[in-house]
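Visitor: The lines below spell out each chain.
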Amino acid sequence: MDAGVLAQYVFNGVMLGVIYAMVAVGFTLFFGVLDVIQFAHGDVVMAGAFVGLATYVALHVLGVAAPAVVVFAVACAAGLGMALVGAVIARWLILPLRAAPAFNTLLVTLMLGSILRELVRLFYPNGSNPQPFPRLLPSASVNLGHFTLRLDTTILIIAGLVMIVAVNLVVRRTRLGLAIRAVAQDSETARVMGIDFERVVLVTFAIGSALAGFAGVVYGLYYNEVNFDIGLLLGVIGFSAAVVGGLGSIYGAILGGFLFAALQTVGSVALPVSSAYNNVFAFAVVIVLMTWKPTGLIAERASERV
Amino acid sequence: MTGSAATRGAARSHSGDLLVATAAVAAIGAWLWAFLATDSVGVLAGLLAFAAAAFVFGRRAAPRYRRALAARPRMATSLGVLTVCVVAVALHDQPYPLLMLCTVLLFVVACIGLDIQTGHCGLVNFAGAAFFGTGAYTAAILAAHGVPDPAVIFAGGVVAAAAGSLLILPVLRTRGYYAALVTIAFGILFSTFLEVNDSLGGPQGLKLHGIDFFGWRFNRDVNLGWTTASFYVNYVVLSLALAAGAFVFARRIERSWLGLAFDAVRLDEIAAATFGIGVGRAKIIAFTLGNFLCGVAGSVYAMMQGFIAPNNFTFGESLILVSILILGGIGNPLGILPAALIIIVVPQKLQFIQEYRFLLYGVLVVLILLFRPEGLLPRRIRDYFPGSGA
Chain A
1 MDAGVLAQYV FNGVMLGVIY AMVAVGFTLF FGVLDVIQFA HGDVVMAGAF
51 VGLATYVALH VLGVAAPAVV VFAVACAAGL GMALVGAVIA RWLILPLRAA
101 PAFNTLLVTL MLGSILRELV RLFYPNGSNP QPFPRLLPSA SVNLGHFTLR
151 LDTTILIIAG LVMIVAVNLV VRRTRLGLAI RAVAQDSETA RVMGIDFERV
201 VLVTFAIGSA LAGFAGVVYG LYYNEVNFDI GLLLGVIGFS AAVVGGLGSI
251 YGAILGGFLF AALQTVGSVA LPVSSAYNNV FAFAVVIVLM TWKPTGLIAE
301 RASERV
Chain B
1 MTGSAATRGA ARSHSGDLLV ATAAVAAIGA WLWAFLATDS VGVLAGLLAF
51 AAAAFVFGRR AAPRYRRALA ARPRMATSLG VLTVCVVAVA LHDQPYPLLM
101 LCTVLLFVVA CIGLDIQTGH CGLVNFAGAA FFGTGAYTAA ILAAHGVPDP
151 AVIFAGGVVA AAAGSLLILP VLRTRGYYAA LVTIAFGILF STFLEVNDSL
201 GGPQGLKLHG IDFFGWRFNR DVNLGWTTAS FYVNYVVLSL ALAAGAFVFA
251 RRIERSWLGL AFDAVRLDEI AAATFGIGVG RAKIIAFTLG NFLCGVAGSV
301 YAMMQGFIAP NNFTFGESLI LVSILILGGI GNPLGILPAA LIIIVVPQKL
351 QFIQEYRFLL YGVLVVLILL FRPEGLLPRR IRDYFPGSGA
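Sequence order for the protein chains is A and B.
Heads up: the first sequence is residues 1 to 306, going by this note's numbering.
Heads up: the second sequence is residues 1 to 390, going by this note's numbering.
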């Protein structure tokens, strides 16, 4: 295979990996503090993309045209909006069910995902059809043989990585991050040390969901199209990526995200079937990986707490 | 002397209870008829309000009469079957309510299957619609090749169970959230695959002919002697037989050693294994039985509808099946019938909410889980002596 073509696949795979990693980090953060899986997380990504899109439309109507301002506003609206959604989910749906069986939390979040999908499908204008997402980034590109280095994709990759690193720094280096890690390790002791458990949980959900909102905008800017059902695939892949990397570990989630992107890219190149089977292949990979390593490539230290 | 008098008194009150319970079942039948037959939103709202009121006010008195029926399980089942038959005869010239009745009964069969998996053995399955769809597509393919229809229905169940066996290894190796993820991935994979695969009709789906049981043509109107009934009466008979069979089967399983093993595995796998229960074996049996029932229901459903397409079997439909379980009360096959009636019939009757049904189910399930997680008719702790009132 030509080096240029190969580079192109790697470049696109990295872009995909950044999106998956942004989603997976959310899953891993939530599991860390509360030991729950927020199955609606993929749909939060989708909702973030639509909030961004709605912001763009609103700015367009208001006559704001400066691209830098528009991009900044779209990203902020998606991030802040989803941070609020995440905190609301934690406060009203997940914390009240702490004492209930894990199955109930699972169902509540699954149904919440269904509610978010339906809300967008029914109430976003023409929401049941794919919506074009505006090209807001400079579209300059450099041609190197078969390899096209696009400026907008490069910006997206860098922006995504910066956000993941920022979240990681917050968790590793700040007092808030210390509180999050303390709650993740032992919530009882953390409470004894004077950490406000509920507030830490809400903030963690806000951070993870804000990252998901940004991921939605990145997705929209990369594919230039968003649909109400993209959350299903992103949620399943994000969760699997987090599991493969070992739930609770941020580095593992990033690794898992890139691993999935790599598998999907290799699958689309190597498999002799049409690209329509891309998603079928992705889901099959999820099932096979979960069977092979049920608790992830980097195994959990204790697989079950008694 | 006094002892025997008391016994006689108890026996008399027992048969009195039975009479009241029978009257209650008859009243439920009348309600069911009115519910299926009505076209008016006002009447429907009135019936639902009446049912809710009866549910709330009858809760204190109900256990006594329930025990009277539970002491005679065979009679109770026959009574239920007879009631549905009477309702079907009363509706004989209205095809649409009959079609809804069949759909409800077939969903009951599929949900009993899921109930064995989730409610008894604690295996989460979010791919119910995929196994239902496996049965439906199997029926479409086999029937087109001239396989006799009773065999087609059975094969629908077998193929669904076989498709489920692909998932047995992942389901056995994972648990909790991870197992849920595997079934979700399978459920989405199934409908996506059908969408893109042209040899199975693609998004346009497949057509089927009606059921033919050795010359008994289901798609022909029935002569009842005094009048002609819609051909859906045939399907009511078949789906009622399947639903009653599945119900009795689930009850028998629950009361057997296998059911005890399922409960033990659900409540505590490690403790169950310590007591010598084969956890893996119990899970495999529950998973296969459940998928078989889903597949059988799917194959009959496909032949009744005469047309199937991938969007009948999406992940959203799997969530509907789970919603029925949650609403009815997980682990209790008796709760499935009212839950299926509400979830399937109400949106069909109220066309203006049809479009919003997934949204409404989502909100409904979230509210149930927050405020009444045990569902409409919660599962009871098993009676050691049935009907003893323990």
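Don't read these hints as lab results, they were simulated from the structure.
Hints are not guaranteed to be accurate.
[Said to hold, decoys possible] Which residues of chain A face chain B? A partial, calculated answer using Cβ under 8 Å: (1) Leu95; (2) Leu97; (3) Ala100; (4) Leu106; (5) Leu112; (6) Ile115; (7) Leu122; (8) Tyr124; (9) Leu232; (10) Ala284; (11) Ile287; (12) Pro294.
Ideal Cβ placement from N, Cα and C applies to all residues, glycine included.
Visitor: It remains to establish, for every hint, whether it holds in the given structure.
Guide: Going through the hints against the structure:
| no. | hint | result |
| --- | --- | --- |
| 1 | Leu95 | violated, 11 Å |
| 2 | Leu97 | holds, 7 Å |
| 3 | Ala100 | holds, 6 Å |
| 4 | Leu106 | holds, 6 Å |
| 5 | Leu112 | holds, 7 Å |
| 6 | Ile115 | holds, 4 Å |
| 7 | Leu122 | holds, 6 Å |
| 8 | Tyr124 | violated, 13 Å |
| 9 | Leu232 | holds, 6 Å |
| 10 | Ala284 | holds, 6 Å |
| 11 | Ile287 | holds, 5 Å |
| 12 | Pro294 | holds, 5 Å |
Of the numbered hints stated above, those contradicted by the structure are hints 1 and 8, listed in ascending order.
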